[in-house]
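Enquirer: One letter stands for each residue in the lines below.
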Amino acid sequence: MYRNVPTGVGSHRRDLTLSAMALRRVLEHGARWAVQEGFGRREDLDVVEEGGCLPGADPDRVSDRACERGHTQLGTLGSGNHFAELQYVAEVYDARVAAAFGLFKDQVTIMIHSGSRGLGHQVCQEHLREMVDASRRHGIELPDRQLCCAPIRSPEGRAYLAAMAAAANFAFANRQVMGHWVRESVASALGVAPDRTGITVVYDVCHNIAKFETFTVKGRTRELCVHRKGATRAYPPGHPQTPAAYREVGQPVLIPGDMGRYSYVLVGTERALGETFGSACHGAGRRMSRSQAKRSARGRSLLDEMHARGVEVMAAGMATVAEEMPEAYKDVADVVRVVDAAGLARRVAQLRPIGVIKG
Amino acid sequence: MSYLFLDHTGDIAVRVTAASLDRLFEEAAAALAATIVDAAAVRTDRRLDVTLEAPAPDLLLVDWLNELVYRFETDLWLAGRAEARVWQAGEVWQLEAKTFGEPLDEARHRVKVLIKGVTYHQLAIQETAEGIETVVVFDI
Amino acid sequence: MSHEPSSVTLERIDANRWRIPRSGGMRVDGLIFADDTLIAEIRDDPCLEQVRNVAHLPGIVGASLAMPDIHWGYGFPIGGVAAMDGVDGVISPGGVGYDIN
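Here the protein sequences line up with chains A, B and C, keeping their order. Numbering-wise, the first sequence is residues 9 to 367 according to this note's numbering. Numbering-wise, the second sequence is residues 2 to 141 according to this note's numbering. Numbering-wise, the third sequence is residues 172 to 272 according to this note's numbering.
Rather than coming from a laboratory, the hints here were simulated on the basis of the structure. Each hint should be verified, as a subset may be incorrect.
What the hints assert, rightly or not - Now the in silico label distances, taken between C-beta atoms and shown as ranges:
{"id": "1", "chain 1": "B", "residue 1": "52", "chain 2": "A", "residue 2": "146", "range": "28 to 34 Å"}
{"id": "2", "chain 1": "B", "residue 1": "3", "chain 2": "A", "residue 2": "202", "range": "52 to 58 Å"}
{"id": "3", "chain 1": "B", "residue 1": "92", "chain 2": "A", "residue 2": "19", "range": "52 to 58 Å"}
{"id": "4", "chain 1": "A", "residue 1": "72", "chain 2": "B", "residue 2": "48", "range": "22 to 28 Å"}
{"id": "5", "chain 1": "A", "residue 1": "28", "chain 2": "B", "residue 2": "82", "range": "51 to 57 Å"}
{"id": "6", "chain 1": "B", "residue 1": "52", "chain 2": "A", "residue 2": "278", "range": "53 to 59 Å"}
{"id": "7", "chain 1": "A", "residue 1": "226", "chain 2": "C", "residue 2": "180", "range": "23 to 29 Å"}
{"id": "8", "chain 1": "B", "residue 1": "134", "chain 2": "A", "residue 2": "72", "range": "30 to 36 Å"}
{"id": "9", "chain 1": "B", "residue 1": "3", "chain 2": "C", "residue 2": "195", "range": "23 to 29 Å"}
{"id": "10", "chain 1": "B", "residue 1": "84", "chain 2": "A", "residue 2": "116", "range": "55 to 61 Å"}
Even for Gly, the Cβ is constructed at its ideal location relative to N, Cα and C.
One chain only, chain A, in its complex shape (with noise of 0.2 Å):
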């Protein structure tokens, strides 16, 4: 898996380069223009939000500069808290719902954090720029301006939501052609055919994303643009917009924990499209600066502290290993325990590492 997915500065794989024509197609069809290229199965988009493709991308809205950003990153991990990561089902809380996401106790599992990149980051920055200037036009008083924004319907607006899209699209090849190499990887290692792994995606979901949604708020049906920065959306059983596949039980809802200790699958309720427009939380969040943790860091050899917990760590660099220190987060089973009590999402799976990839 190290060997196949590229990490680090500047790495990519050589036998995937993308024209321009290329980007332009990921940047409109997301994870399907990925499994058209041969990337994964068809199958694997019934269970990716939005079937990896959000509608109203427009390339043209994505800048050269952003473009120039991504035309080497698909199918890249990246750095910071982005990771691949070999897993196990280590506890199943709920036997229904993890038979129907097709999880059992034991069972190997791997799970893939990683975004749009260079070029989404292209994108925000652009657009905050942008968005800036748009909101003294529009006479938005702003308490930081990090805030900025302009209004759905403004020229403003229109435009980041599309160029949005575009890079939400990017993130989803992204993952699936990973996911592929992966699949590739796991094949190799046990000398069976790509399509004789027996992988299968479990879901692929957003936590960074902006999106028109339907709801009863008061008793009335409105649409609104839920806007989920480090946020997972958790639709419930009977949900249109939940895979058929799942219908019966609920949206997976994936909520990485910190690379020592345990990462969650939780599934949607009815309750969370009431209170929180159908969201959860994403992971474990910091509790250190990655100052902090560099400090603590020195003088140990992580990568032997992890191994003694029976993880083992491969990443570009050990900066990266010090700042993502299992202790540099706070306790996911807190974060999930909270949210299964509100009961914005319910526990289904407890999974455990047992190899790390990080850039």
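Based on the hints, put chains B and C in the right spot on chain A.
Expert: Just chains B and C now, kept in the frame of chain A:
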């Protein structure tokens, strides 16, 4: 003129102080390079020029640093040192800068951290008794 | 960056929910999901001010929401949810974040 890295949850913040706006831009660029690699290891015998304009000096500062992030990400250009000139021309603020540096050479440079961009968070350029000061937050 | 202790008013609703009551330019309340353990850490973090700030945005519906993994972000907190009216509301790139996905 100097810069100081501040402790910041999640990302990197740097306080830059200088006697003038020109120096502030130069020092901020040096801080950016020192965040990515060991600045002492960057050779400064090659040159890349940058010109930019923005409606306000603080926005120009963020544009400038984002330009350097972009140059690094696309051409691996590390600007070890810069000479900047910033002035107001009617409604806009302009920057003309010469950056001196070299492309990343993994044999000599160890990348400490990748900066993805520079934010507008709590952005302000302030006058102090010593000159001017700003805090810039890098997203990593 | 050093921050003053949070000056945000926080009222307990039940074991897992807290409210920042609407005041000043806030258009809706802030609503935070956390228990006693998590709120102890959240209280010391400037992210509560960010929850309050987001409540100022035009067209925000319901409440400015914070999940239990909330922490400081640029402008908008990370772990935040804000639903805007689909017609009269605003869209904010900062409310999505840099790593669009």
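Enquirer: Determine for every hint whether it applies to the structure shown.
Expert: Okay, the hints, checked on the actual structure:
Between residue 52 (chain B) and residue 146 (chain A) the Cβ separation comes to about 30 Å, which falls inside the hinted range of 28 to 34 Å. Checked against the hint of 52 to 58 Å, the C-beta distance between residue 3 (chain B) and residue 202 (chain A) comes to roughly 55 Å, which is consistent with it. Evaluation of the 52 to 58 Å hint for residue 92 (chain B) and residue 19 (chain A) yields a failure: the beta carbon distance comes to about 43 Å. Between residue 72 (chain A) and residue 48 (chain B) the CB atoms are about 24 Å apart, so this pair conforms to the stated range of 22 to 28 Å.
A C-beta distance of roughly 35 Å is found between residue 28 (chain A) and residue 82 (chain B), which places it outside the suggested range of 51 to 57 Å. Taken as a hint, the range 53 to 59 Å holds for the pair residue 52 (chain B) and residue 278 (chain A), whose Cβ atoms sit roughly 57 Å apart. The beta-carbon spacing between residue 226 (chain A) and residue 180 (chain C), approximately 25 Å, falls within the hinted interval of 23 to 29 Å. A hinted range of 30 to 36 Å holds for the C-beta pair residue 134 (chain B) and residue 72 (chain A), which are about 35 Å apart.
For residue 3 (chain B) and residue 195 (chain C), the hinted distance range of 23 to 29 Å is not satisfied, since their beta carbons lie about 38 Å from each other. Between residue 84 (chain B) and residue 116 (chain A) the beta carbon distance is about 56 Å. The supplied range of 55 to 61 Å therefore holds.
When held up to the earlier numbered hints, the structure conflicts with 3, 5, 9 and fits the remainder.
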